[in-house]
Structures are given as C-alpha cells and as structure tokens.
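Participant: Next come the chains, spelled out residue by residue.
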Amino acid sequence: MIDVIRYGLLGLGLGAIYVMLGQGMLLIYRGSGVINIAQGAFAMFGAYTYLQLHAPESLDPTIEPGHGLPIWLSIILAVVITAVIGLIVDRLILQKMKKASPLTRLIATVIVLLLLQAIASKIWGSTAPFVEPIFPNKLIDLGGGISVPETYIWLLAVAIVLTVVLTIIWRYTRVGWVTAAVAQNERGAAALGISPNFVSTMTWMVGTGLAALAGIFVTPITQVSVSGLSLLIVPVLAALVFAGFKNYFAVLGAGMFIGVVQTILIRYNHDVQEATGIAAIANAFPVLVLIIVLWARGSALPVRGQAGERLPDLGNGRFRWGIVIPLVVILLALIFTVFSTNNVVLGALTVTFALTILLLSLIVVIGYNGQVSLAQYAIAGTGGLIAAQLTVHLGAPFLVSLIVGAVAASAVGVLFALPALRTRGVNLAVITLAAAWAVYDMVFTNDKFVGGSGGMPVGIPSIFGFEIGGSAHPERYAAFSLIIMVLAMLLVTNVRKGRMGRSMIAVRSNERAAAASGVNVQQTKIMAFAISGALAGLGGILLTYQYELAVFTYYDSFNSLLAVAWIIIGGVGFVVGAIFAAVGAPGALSSLIGLNWDGFVSWLPLIAGVGSLGAVIFNPHGIVQDLAMRFGKLDKKISANLPWVKPVKQYSLPTDAIEVTRVEPKTLTIDHLSVRYGGVVAVNDLSFEVKPGQVIGLIGPNGAGKTSLMDAVTGFTPYSGKVLIDGKSVNGKQAHQRADRGLVRSFQGVELFPEMTVLENLQVPQDHQGGFGGLVELIKPAKTKLHPVTIAAVRDFGLEDLLNRTPDDISFGQRRLVAIARAVAARPSILLLDEPVAGLSEHESEEFGQLVRRLADNWGMAILVIEHDMNFVMTICDEINVIDFGTYVTSGTPQEVRESPAAIAAYLGDDTEEQGADADEAAANESKGVKN
Amino acid sequence: MKKSVQRGLAVVATVGLAVALAACSTPKPVATGSELHIWTMFPVTPMADVSQVGAGVKAGAAAINAAGGLGKGNHKIVVKECKTDFSPQSEIQCAQQAADDTLSIAFVSPLQISGGDAVDKVAQDAGLPVINSNPNTPGALQSPVQFPIAQDVFNIAMCTVMGAKATGAKSVAYGIVTNPGTVASADRAAALAGKNGVTNLGIVQAPLSTTDIAPFLQQAVDLKPELLVASLSPMLMAGWLSGIPNSGYKGASCVTDELAPYQVLVGLGAAAKDLYMVGSYPETTWDYPLLKQFNADAKAEAATGDKAASTAPGNNPQSILRGWLGTYVLQQAVANVDGDLTRASLLAALNKTTVNFGEGNPIVPIDFSKPNPDPTIARLFNTSTILKVWNVDTKSIDKSKVEPMDASQLK
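Residue numbers (the working numbering), protein chains in the order written: chain C, 1 to 932; chain S, 1 to 411.
Please note that the accuracy of each hint is not assured.
To be verified - Here are the simulated lysine to aspartate or glutamate pairs, EDC-like style, with alpha carbons at most 20 Å apart:
| id | chain 1 | residue 1 | chain 2 | residue 2 |
| --- | --- | --- | --- | --- |
| 1 | S | Lys165 | S | Asp406 |
| 2 | S | Lys195 | S | Asp374 |
| 3 | S | Lys250 | S | Asp393 |
| 4 | S | Lys299 | C | Asp271 |
| 5 | C | Lys246 | C | Glu186 |
| 6 | S | Lys273 | C | Glu132 |
| 7 | S | Lys370 | S | Asp406 |
| 8 | S | Lys72 | S | Asp49 |
| 9 | C | Lys122 | S | Asp406 |
| 10 | S | Lys224 | C | Asp740 |
| 11 | C | Lys691 | C | Asp878 |
| 12 | C | Lys122 | C | Asp60 |
| 13 | C | Lys138 | S | Asp222 |
| 14 | S | Lys307 | C | Asp60 |
| 15 | C | Lys691 | C | Asp656 |
| 16 | S | Lys72 | S | Asp338 |
| 17 | C | Lys122 | S | Asp306 |
| 18 | S | Lys165 | S | Asp398 |
| 19 | S | Lys224 | C | Asp141 |
| 20 | S | Lys76 | S | Asp125 |
| 21 | C | Lys99 | C | Asp740 |
| 22 | S | Lys250 | S | Glu226 |
| 23 | S | Lys395 | C | Glu57 |
| 24 | S | Lys395 | C | Glu132 |
| 25 | C | Lys691 | C | Asp857 |
| 26 | S | Lys170 | S | Asp274 |
| 27 | S | Lys307 | C | Glu57 |
| 28 | S | Lys250 | C | Glu150 |
| 29 | S | Lys224 | C | Asp3 |
| 30 | C | Lys99 | C | Asp3 |
| 31 | S | Lys395 | C | Glu64 |
| 32 | C | Lys96 | C | Glu186 |
| 33 | C | Lys783 | C | Asp656 |
| 34 | S | Lys250 | C | Asp141 |
| 35 | C | Lys448 | S | Asp187 |
| 36 | S | Lys395 | S | Asp274 |
| 37 | S | Lys395 | C | Asp60 |
| 38 | C | Lys722 | C | Asp740 |
| 39 | S | Lys273 | S | Asp338 |
| 40 | C | Lys728 | C | Glu664 |
No lab work stands behind these hints: they were computed from the structure.
Nothing here was measured: the structure is a model prediction, and the numbers come from that model.
Work out the full structure, taking the sequences as your base and the hints as a guide.
Facilitator: Shown next as structure tokens:
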C-alpha cells in the first residue's frame, strides 16, 4: 500500500505535465477546431528559449555564467516568443487550410512538430543541457517512509491554478464567451460579428504560450531534449478524450488520474514482465482508459458523420494496365541490368515498394472508409513479427510465413477496428495511436518477442527453392517486392471499383445514408480494417525479410503518424498517392539523395518539413490529385497515342425494354410508438398503418416529431412501442437490417454520397444483396450491372444522362431525384420520404408527385411521406395523419383533414384563414361586379 | 670585433640561414598515391547528432595524408561519412554503400545502433574490414571482418565490478532503457556481479518513450543498492542523473563515459558527487603521448571549420576520440600489409596486427591474431576498462584510484 501511495505521489508530476499540456490543447481545439499534435514540441521550444535567455552557458559552455536574463523576464519572453510561433502557425498554415478535412489539419500539426524539432536541433544541437529547478526542489518527508519532491507539489499547484484561471476566463469573461461561441457554432458566431479567425489566432497564441510555460516548469524534472516532450502526446490525448474535450476541470481530473495510475503501474512493470514476458504494462494504461471510455460513451448508431466536411478527394479506381505493365517491364529491366550491381539503389527500391504497400493500407482505411488509423506501422510490424516467428521457430517456408503473417495482420487490423465501431474521427485516431504506442514498448523493443540485439535470423527467403534474399540477391528481392506491390495496387483499385469500395465510401461520406441504403456499417468498417491490416502486414513482412536478420525498432508510433502524413501529402484517395508518399520515407528512394550529398542529411528534416507543409497547404487532396488536374490533358494526349491503351468506357443504360414487376407487397404497422430524448417526448404513442399501394402523408408543424418518428421506424433512434412489417416486429433490428426487409427511407438533406457518381450512388443499395460477391470482386471485378428496378427508376426519373456525373455536377432538383432513385434502387416494399420536394419549384413538385404516385400505383409500394408542401400532400396522398408535439391530432382523406378543425388549429390554420379571406374577397368583389 | 669572432658569427649565421632555407624549401610530405576511401557511419537526427565520430575519423585521416599518405603506396585517404537516422534501413544502406564503393578499403569507427547483425552481414559479404565498430550485437563480436577495440557504448558490465571495487559496494541495481542490446548488456553485467561478490538486486527497465524517468529511478532506489548503474539513452540519462539528489539515494552511481552528459554534471554541482564512469578510452584531457597526438589532429580538423571536431568538454570529445582511434588502428594495420593495399590485404594484415597505443597509455595493446578466451567472441579486443570519477570541484573527469581492469581478470 505504501508503494501505491509513494508512486501515486510521484505520479503527480507526470499528471501535472499531462494537465498543463492538455489545457493548452483543449483551448486551441475549442478556438480553432484543430488537435495540435505539436503541443509537446512547442513546450520543448519554449523550454529551450527560456534556457537560452536565462542560462545560455547551459547550452554553450564557452559562455561564462552570469550573462543570462532574470528568471521572470526569461519566462515571459520565452512564452511570448513561443506564442508568436503559434500565431505564425495558425495564420500562415492552418487558416489557409480552412477547407481541408480535420485529418489534414491534424497532419499539418504533425509536420509542425517535425519542423520545430528540426529547427531546435539546428539552433541548439542535441547535447543535453542542464536545467536548473525553478521551484524549490527538496524532498518532503511525509512520514511512514513516504516522501515526495517539493517540485511535484508545485507543479500540481500550477496545474490547478491554470485550470481555475482558464475556467474563470471561459465562463465569466467576454473573451471566454466569444471563444465558446466560436467553438459551438462558428458560422453563427461569425453572423454575430465575431471573427473566428481572430479567435483561432488568439487561442493558438495562448495555447502555445501555455505549452511553453509547461515546458519551462516541467523540464527541470525531465531535462530537456529535442524529442522528449513530443512523445507525451499520446497520454495527453488520452486525457483529453477521457475528459470528452469538455472543460478544463475535466482535463485536470483526467490528466491527474492517468498520470497517477500510470506511475503506480510503473512500479509493477517489472513484476508483470517477470510473470508474462510483456514489458511496459504501464504504457497500456492510456489505451485501456480510451477503450473503456469510448466504448461506454460511444454509439453504435450510424451518424450523419462528416456531412458538410470536406474530405480528401478520391480516385476512380481505374487500373491503367496499358501504362502500368510497360512501366513494370521497364523497372524490372532496370533492376536486372542497370541497377543489378548497385545494392544501395536496389535496397532503396525494395523499401519503396514495401512502404507503398503499407501506405496502400491507409488508402483503404482512411481514403475509402474515412476511418483514421494511426497504427499502421504497428500492424505492419506485427505481421512481420508473426511471419518471422513462424520462420525462426517452426521453420515455415517464406511463402507460408508471408501468407499467414498477412492473414494474422488482417486479424490484428480487425482488433483495431473494434473501437471504430463505436467511435470515429479524432477519437479513433487517438485510440489507434495510443495502441501503436503501447505495442511498440510492450512488444517491438522486448527481446522476449523480437530476439536479441542481433535481430531475428529469418534467413534467406526462397520461393520453391529459388532464393530471393535481399542480401545475396537484392535484384530478385526488389523484383519480387515490385510484383507484390503491383498486385496490391490492383487489389486496392478493385476494392475501389467494386461493391466493397462503394460500401466503404458510402460509410465514409454518410453512415446514416449508407445504413438506410442497406449497408452494414459495422461490417464495412471491419472489412476495411481487415483489408488494410493485410496490406500493412504484407508491407511489414517484405521489410522484415529484406535481410537475413530482422529488427523491429522501426515500427514505432511516430512512424505510424508520419505514414499518415506522407499519404495525405501524396493523396490518400489515390492509389498512385501511395507511391509518391513512399518515395519520401526513410530508407526509400529519397534517402539516396542524402547518401550522396554530405551536407544534405542534417538539413533534410527541415527541408522535408517545409516541403511537406507546402504540399499540405496547397494540395489538401494530395500531390497526385493536383498533378492529375494539371496534367490531365497531357495524360489524355499520351494515352491516345499509345495504341494498347484503351479508352475508358462509360456506362450507358441498356436500351431494351424493362418489365418492372411489382415489389413484394408489405404493410408497415406503427404500434404505440414513442420517442424520448431525455425528458423530452418527441413522439407520443403514435399508431397507424401504411399498406401496399398507399401513399400516406404525415404532416405537422416544425418540431412535431415527424422526422423523429421516421428515424425511429427506420432504426436510427431508440423508441418504445413496435414497428412491424407484415405483422413481424423489426424491433431491435438495425437500420440496414430493416432495409434488407424492404423498409427504406430518404433524408431531408438529400445526403447523396458526393465522392461517387450518380451511377455508383444507385449501385450502393443493390450491392449488399450480393453475398460474398464483394470478396470475389477483389480479384475479378464484376461488370457494372443495374437491377431492372434501378434501370426503371433511372428512366422514370430522367437520370440517364446524369449517371457518370457526381452530385456536385448536377442541380439540386436532380439531386433530389437521385436520392429517391437511390431509395428505390433498394427495391423497397415500404418507402419513407422525408420532405422530398423541399426546395423544388411548383412544376418540379408536381412532376415529382406524379412519380411518387406511380411508385405506389404501378409498383405497389407502401409510401409514407413527410412534407410541408400542402399542395403536394393533398394531391398525392390517400390518407394524411396530423401530429403536433409528437401526439396524434387527426387523420383522414385529404379533404377530411383540410376541413378538420383540429388539423386547422394544429397546422393548417393560416392557410385555411388565407383561403377563407380569399374566398370572402372573391365574394365581395363579385357582388361589386369586379372580376378576379 | 675580432675577425675570428666575426667569422664565427658569419658561420653561425650562414648555417642558420641554410637551415632556415632548407626548412622552407623542403616540401611538406603529402599523399601522392592513388585515392582510397574509408567510410564511417553515425546518426544525425534532431534527437541525436554524433557527428563527432565523423570529425574524429576525418582528423585522423587528415593527419595521415599530411604525413605522406597511407601505406607503401602513399595513398590519399578520403573519408566518406554516412549519416543515419537511427533506423535499421539507413544503417544497412550505409553499410551497403561502403561495400559497393570500389575504392573503399575499410569501415572505420561506424556507430551502429539499430541495424543488428544485418550490417555486419553486408560487410562480411563484401570482405570489408570494420575497424573499431560499436560491438553491440553478437555478430560484431564473432564476425571475421570486425575488429572492435572498445566496449559497446551501452556496456555497463565493468561498472558493476570496478564501481563496486572503488566504492566497496556489495549490492548493485540497474536502470536501463528497454531495447534488446541494453537488456543483453545488463544481463551480462548482472551475471558478472554474482561472480565478483556483488549482489544484483534487480534491473529496472524504462521504455524508450519514457519522458519522466523519476518513477523508474525510484524503483531502482527502492531496491536499496549500494551502487546504482545506469544505461540509458542520452535524453533519459540527463533526467536520471539530475533526479538522483532528490530520490533519497545516497550511494554511488556508475554510467558509461560516452553517455554521461557533461553539461548536466556541471550543472548539478556538488550533487554530482560519487559519480563513476567506465570507458575503454582515457579522457582526452589526460596526459598521454597518444592523446597529445589526438588533440593536435583534432585541433587541426577544427581549424578547417569542422565544429564537430572541437574538443571542448561540452562537445563530447570521447566520441571524437572514438572516431580518431579507428584511423590510428588502420594506420598500424596498414604497416603490415603485403603488396597492394586492398580490402583483402588489409584484412589479412589486421589479423596479424598488434595495435600499440603508446607508452603509459591505459589502453592495453591489442593482438588481433590471438583468439579471445571467451568462446563467444572471435578475437581479442580491448576489454580493458578504465574507471573514471567526476570531480565536482574541478568539473572534470579524473582517473579513479582503481586501476584499469581487463575482462580476462574476471572469472
């Protein structure tokens, strides 16, 4: 028990560090919406600046002591200088990236971290200076064998004071209100005259200034080094997630909790290692906290997701055989001739090919599926380690180890997918980064798993007796890696083009709309991580077997972060982006520059950092996308002159007649359904039916509960009561399962999948009905085929000429039609339409009404329509239900509802009075002989 | 003045003038033979920059060239520096480049950290002699092409024996950073402890990603050792040493000399008492003929603008010495080369060379032709270790009263 107390007290120091860094990060996040991964680097820079001002002799022994500024002045100046750097970062980098995705902006802060480290190293070198304590530092004896350094108490006090000050400012000052307004609703705040840019800059300055203060106070304990404080980002992020990014006191509590418990666990690291062989168990604690918190707090319900948020563009998945094959042939020729004796170039090529495969895994999971995984290096290393273990301990042949290792990595990828089922975005990024961090310390530096200092003797890989080892035959291994890379690229393009890719992109764009289209969101995410894991593992295995001895210190969490940075720069939506990104990685082709230019290497981090920032600011969709735009015409010209390159065939609708059979008739029964949001009753005990061939309207004022009812019926919100399809309850079924049973809806906000063409949007609902076809398509893509129902919808809705265009390229009215056609493409027996004619002209509404009527009359669908356009509702509906405040008001035919006093009072009143006034005026004018 | 005196003075003046003219006109010896390359390798990253190793190699090479070149062919030596980023790939790439360079005859003082035995494999396959490598892998100790002359920078084995001898400690605890190399080194140290009457109380491991080393230090202190031995990355070593005064630990500490951060020791003042260091080389400030030569060469290299060659105490001069000693050994080995100087002839020469480090030098001569009594090591190398002690008053590293020990003295 005494040990727990003693180490708990030591944990005050670590906890205080987490809190001080975390508060600044929270402030920056609230003011600018950016997670500042570089917060630790700002702390480091502030500490070095303080030392330079106060004790320059600690950095340069040729300077005599006594030439520094007083402590208080040095602290102020260091904080101000760091804050100015924060201003520069915000103004010159992040504000130029307003339209980029949050992930891209997060990556920009990773590059800022690298830049700050490179600059600090250039200015102050890497020799460790001595940092004198600022606070009194004697050991305080608390009795009973328990003591604590006084500095830790001071740090805790600073953390508490900081929390109180920030809270007071946030809650009780105009500055705080303004920042809170921007944090909650940037556009709304701007409409009130608050400048979000100004708030962003201000919070960056204060946040980075706080980082400098943290660095200055903390480095007497940790001492200062260029990379030391940067490594803290993982537990600090864990504290922020644990606190829910809510308020400063929550961060104080979370940070202290994680710091104290982690330090207590450090006490037992050795005991656990002795018992299990697993080292650094304390590093698993932030991960454990994250898993528990996010699982408990997370929601499995699909969300609107990143509606309105700009995600990186995607490629179209075309695998250009006519260009790839000649390039591969040329490369192979070079490998076996020009480079055949140049081991350095061959080694760099192999690393480039292997890393390309690793980065392709990010294209699948981030680019296509929108799930941010910062653990790819950990997964790659795991694949390599498992394969190596098979070879070393079981004597497995190389190919067997390769396949089993990739499959095992796929399984590890699925493990990483589990948090993704209940969390997304930044939270998912944090948990995967934390897991990678823990795995590195627990596994990849643990000699129990990775062998001794010499590495694991994986030997010379061979394929059916033909040796291809990178030491003895580097040209063969390079060629083998190239072929595997091309196959991996082919697989990824097949994913993009096939149903799996469409499901992934649908989930990335809009989980809710995807689920409503029948996509199993959870299964899709798992599949994305599984494929991604296999690819990462493949890349890791190729790196592992490159030489006869394998080491695993390469697979640290920082490289995982860098991998995401590279692929964002290259283009996370484009397969070729992986090649661009891989070229710049350590050990890859770009390292040849450093090897041959002596002075270059020490400047490389700085040059790479500046170059990367430029790429990310000016090409938020990646270099490849920019190149594709700039050289698109040249590409077409070249392709036209290559006789073996066939032009891409656009899909065109079959011309033969389609006989549309009626859909399977099903009745929707809503039985005493209620929806509650906390204490608010949104829907109160509603019951009605929608039969095949009927169009039932649901009307009521705004806030009446119409959309809540629709969300409940389609499985997007919890409810009480029953929803039955043909008498069978679908309670407990998820949205995609209800879609499978023929219950499909559209959304108020249209919510198409913007990265896909109209054709692909229409294919999504019919994809899920194909069984294991998605897996087969990884190898052999299926030809584009639309179901007769879909074809009929396209013809009926006049969408033939729009099939190969994206939603951004068509009018709003056309988008509405596509949204309905997409719902119809799911072959629903029951169709729910949420304000389908909002924003359409009168003529368009009329035409649309006729369409809906045909769906009911000719196809036999049961249709429920929510609308505010009374002309539309009155014209097409067989029956109308009126609700208000979630409660049933009345129902009947359109005429009955029009004349119902209850309906008039609840909703129709203004229209009826206007119609009555018009009628009175007409009667008065008639009596006066005035014509209307 | 008498004429005899005038004549005498004239003779003296003439002779003096003749001598002066001879000195001016005699051309300085230069390397006149063909160019040969020697490669070296060290990490250069924002986290750690050990350019001092390269500076030392260049200092030694420049001195060789200035003295007429290398070997009978008076070859001009050009140093090729390869800078790594701590990754295994970069180290292996460096080794490959050295191996692929047709003009390269040796890999001198390469500082390898993470490449494992793959680096040695490249050198072996190319028949490239590796002189004064950092023997942190089994391959480096067993390879037919490796000729280490000093301990691994993370080797704390002799801290246990010599440190205990200096302080009278009967028990030891270790604080190490977790990676396979340091773990193996600590295990060896712990085994030595038992054989030399010192009780090993435990090995505390800190992950590489550690920021606050204090809890790990406390764990080690809680074991109540009489001697605390640390083998940590330079980033963590500073925190460890500065944390000791407040940890409640009152005993002596021992680290390897190349990892002891000078600025931190100066800053700690009196709190840095009872700090011992082990190393294979003497301090560059000690008075030995070999070191005089080294300091002169380093100064000349620094005068060319190479700041990494400065032997100021804050610039880790031990690393410069490490680099320089590689060229020293090279020169001695080349004297035994028969015929043209090639990789193969150099390798053969190394295998029959006894390297002598000069009079009075605490580094004992190394006879590369003799097998090592330890069957896990191919040949003899400098297993002699010097125990040093930090002088809080003079802020310098002094020689300890404990005489240098050779590993063969240990059971």
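Participant: Tell me, in ascending order, the numbers of any earlier hints that this structure violates.
Facilitator: 4, 8, 9, 10, 15, 20, 21, 30 and 39
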